[in-house]
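Undergrad: Here is what each chain is made of, one letter per residue.
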Amino acid sequence: MDDLYREIILDHYQNPRNKELLSPADIDYEEDNPVCGDHIHLTVQLDDEDRVTAVGWDGEGCAISQASASMLSEAIVGKTLEELRSFSKDDVLEMLGIELGPVRLKCALLSLKVLKAGAYGLTAWPGEEE
Amino acid sequence: MNTNRRTPLDVEAVRADFPVLHQEVRPGVPLIYLDNAATTQKPLAVVDTMSDYYRLYNANVHRGIHKLSEAATDAYEAARARIAEFINAASHREIIYTRNTSESINLVAMTWGRANVGSGDVILSTEMEHHSNLVPWQILAEEKGAELRYVPVRDDGLLDVAAFDAMLDGRVKLVAVTQMSNVLGTINPVADMAAKAHAAGALILVDAAQSVPHMPVDVRAIDADFFAFSGHKMVGPTGIGILYGKRELLEAMPPYMYGGDMIKRVTFEGAEWNDLPWKFEAGTPSIAEAIGLGAAVDYLTETGMENIHAHEQALIDYAAERLVEVPGVRVFGPEDVTQRGGVASFSLDGMHPHDIAQILDHEGVAVRAGHHCAMPLHQRLSVVATTRASFYLYNSFSEVDRLIEALYKAKEVFTF
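First to last, the protein sequences are chains A and B. Residue numbering for the first sequence is 759 to 888, as defined by our numbering. Residue numbering for the second sequence is 70 to 485, as defined by our numbering.
These are calculated hints, taken from the structure and not from any lab test. None of these values were measured; they are calculated from a predicted model. Backbone N, C-alpha and C fix where the C-beta goes; we use that ideal spot for every residue, glycine too. Check each hint, because a few of them may be wrong.
[Stated by the list, open to error] Partner residues aside, some chain A positions facing chain B, computed with beta carbon under 7 Å:
hint : residue
1    : 762
2    : 774
3    : 793
[As the list claims (entries may be wrong)] Simulated DEER-style distance windows between Cβ atoms:
hint : chain 1 : residue 1 : chain 2 : residue 2 : range
4    : A       : 793       : B       : 466       : 26 to 34 Å
5    : A       : 779       : B       : 396       : 31 to 39 Å
6    : A       : 855       : B       : 128       : 38 to 46 Å
7    : B       : 466       : A       : 765       : 29 to 37 Å
8    : A       : 883       : B       : 341       : 46 to 54 Å
9    : A       : 879       : B       : 397       : 26 to 34 Å
10   : B       : 321       : A       : 793       : 51 to 59 Å
11   : A       : 879       : B       : 128       : 52 to 60 Å
[Said to hold, decoys possible] Partial selection, computed: residues in chain B whose CB lies under 10 Å from chain A:
hint : residue
12   : 160
13   : 179
14   : 230
15   : 345
16   : 422
17   : 426
18   : 438
19   : 444
With the rest of the complex left out, here is chain B (with noise of 0.2 Å):
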């Protein structure tokens, strides 16, 4: 048995960050809590923000020339320049608030896409996509006769770089690809794809909702063109997330959402929209959530992206070892977990997922069971469902042991 179960992280410290953590979900069985690709529990440091936010300044920001407002205005602002060096972003003005990863891909459809995306055209997504970053594209597609084709995921749960070389021939127009996915862990080589995209004429979207939370990311390294993560999935509040933009791409794309504060000038002919990043930002935004969310990015900081990172690849190794110790089980994704985050989608003989996951939650154990958003990928694995169990900074290896005698039970009640 692999004895590495050595992490960076004072797991216990951490723990005691995380107040909901602390908890039990019947008399006697603590909860487990392993559905972080689902969101994510916040430190006390994220929530006291926020509610300070509400008890001491809350103000609308921009235009107020009050004392509340000024700080309101500052913590938002400061908030996006945090966020912007924690994923290293050249400016600002390349960060735009939006309500979540969702949200981030659309706005690129609906702007960037519906003004460069002409028939004949191709975008291309892979097999392993979140509908999130799927479903837009196949709204778009159809919207302008474009074509949209998918990478193929390999049997070892790798995307087919092969074949997206070969798919990427001069009518690509996008790639939209996750860095890391949702149901199998594996983490995309986005810098490569993004080369080759570029010298292939095409732009790239990368998916970060499940990387940035859980890995040092640099988009300027990458090179991406778009970006785009949720603050939920990184112990931040739910509400907010973020679309980093290249600043001339985002200087050329319409808005296509209007109103207060994404305009300069208004009169009753018409309007000029407001420089970036607030042309993309009709409306009063989520104030206390971005707020929240710059917390979040200082609290990951302080940690250390690279402990964090590493810590999940020990529990993942640690899990991946333990679950296939069980009859029955069969892990999907990366074997090498060297090219997978801490996301470990299981299936067990003779047990459907739902069952499962509720002998686990009887356990303690918190898990997910369905398609995970990605019903195509499943489709491709020839399974309607799967269970996953999913790692953060404040899961321990006994967690992991837990969740492994919580299968074994799983198995005793359904052995006819």
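Chain A with its partners taken away, still in its complex shape (with noise of 0.2 Å):
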């Protein structure tokens, strides 16, 4: 069972990097998939220039979000609030490394969803803006 569970994912779902909420911190927001239960709740804290300096979460779910949320909580450091709007589904899926049918999508957005809703107030679906 290669092409989804990659080595990759297998292991970020694994030993999660991150995997801890952050308190204080400049976001923090969580949402979850009603659809078939994963959550995610993240925390960002972001210096004067708005650049994110730490990134904690926690959730459950199936491997791909939960991947997805711990690849992506390591992706985003370093970045300033407006590099990242620009961060887009596309973004995740590269991130990843695979490729995923609309169901599935889902599970990968989520924590970039929650992020976007965080940062921005944004509630679309990343990739369903218009």
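With the hints as a guide, bring the two chains together.
TA: Structure, rendered in structure tokens:
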């Protein structure tokens, strides 16, 4: 069983990075996908230039959603909120390195959705902003 | 191990009728289709019947006085008559074509419901209903100031009949219940429930989406007031469903979709409704689909609903036994297979249903992961989502073995 459950995804699922909520936090937001029960709670600390200095998260759900959150928590460190605005659905897919059907896509995008909702108040799913 | 793998069906012969089953999902991995509660495959006879209609005698129904129109009308109405026979309705006038079970139930809620349910009345639902036999009643209750109450599901997956008896008081106007749960597989005692409902002055609507395709049904033996099912779950096409209603009820109900064909006469001042069943069929219907459903009913009748039911009982018996052998698996629904249909929803410790379904898909096994349009039921079961395998007449015992093998593979991937 290779393709979808690549080593890296299973590694992040088994050994999630940054899986500890930060307090205090400049961004603190959580959401779940009621369709399947995936849940992500994201906390982010920023410096004076709105640059991400630390990320902590918690959650439960399928391997794709949890691995994605873990990988995202590493990928956004050092980026400014302005830079992160353009972090897209395609960036998430590239990060995961896999192709996903429409149902699992939501699993992969949940953490980015939570980030964008917490940082910018955006409610749409990444990729469905129009 | 239970070696009872006896079935009255010649599964290989049945499978030969379904071309779609003979494919590989990826090289060397044959398709094992176990998502029949979601939708079913169609035999060539149904596919050919529909394309014949389009190729040879496509025309609009009811109005034309030309050869094609007469042929189309004959086929469309003949299908209705055969569907009436299939469920033992007294008359073709009691068979209304809709788009699907959801539309059938909404029709009752919008017409009979709005006219007969009022403030202080009670609608009795159950904890195991599909959203389509739940949300319309939530809306109706809200609109009318009525109360919606839920008959509980027991821990063993059976409906709490004692609770039903206690909840059936003089305020209940309607009992809305599934004949077979699409998650638990539980077969509910709808004939008994109908008798009790009637004794208490209430009507009963049966969601038969999962039962009609899988077991013989008799609406008069049940004494159902309303009975709803979908074509696509019974080897028929999508886009066609049926509402059965007792004639006197349907006569008294106002329509809720208006326009062509559901009228007898229209002037600038108003309109006079058509007779049953056309009163509830506005506009050009799904002609090909209705004719296709007729062909589906023919196919199922020829195979024999008793045979199909017996086959599925044998399959679910075998599947349930093999499933619980897998460490960490929990199967939901009644343990006694005579109380359930061919649906097995299960959980696997430490694995999310999405991941299970994904790996099963890789192994060619098509199942469903999620809440299966029954979120309140999952709340009652204290799980967010389950994985569901659902069988039909073209599934085999060796496919059950492949399902189990795939589950072991899934466990392997996720063993750290």
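Undergrad: Hint by hint, where does the structure go against what was stated? Just the numbers, ascending.
TA: Numbers 2, 6, 9, 10, 12, 13, 14 and 15, in rising order.
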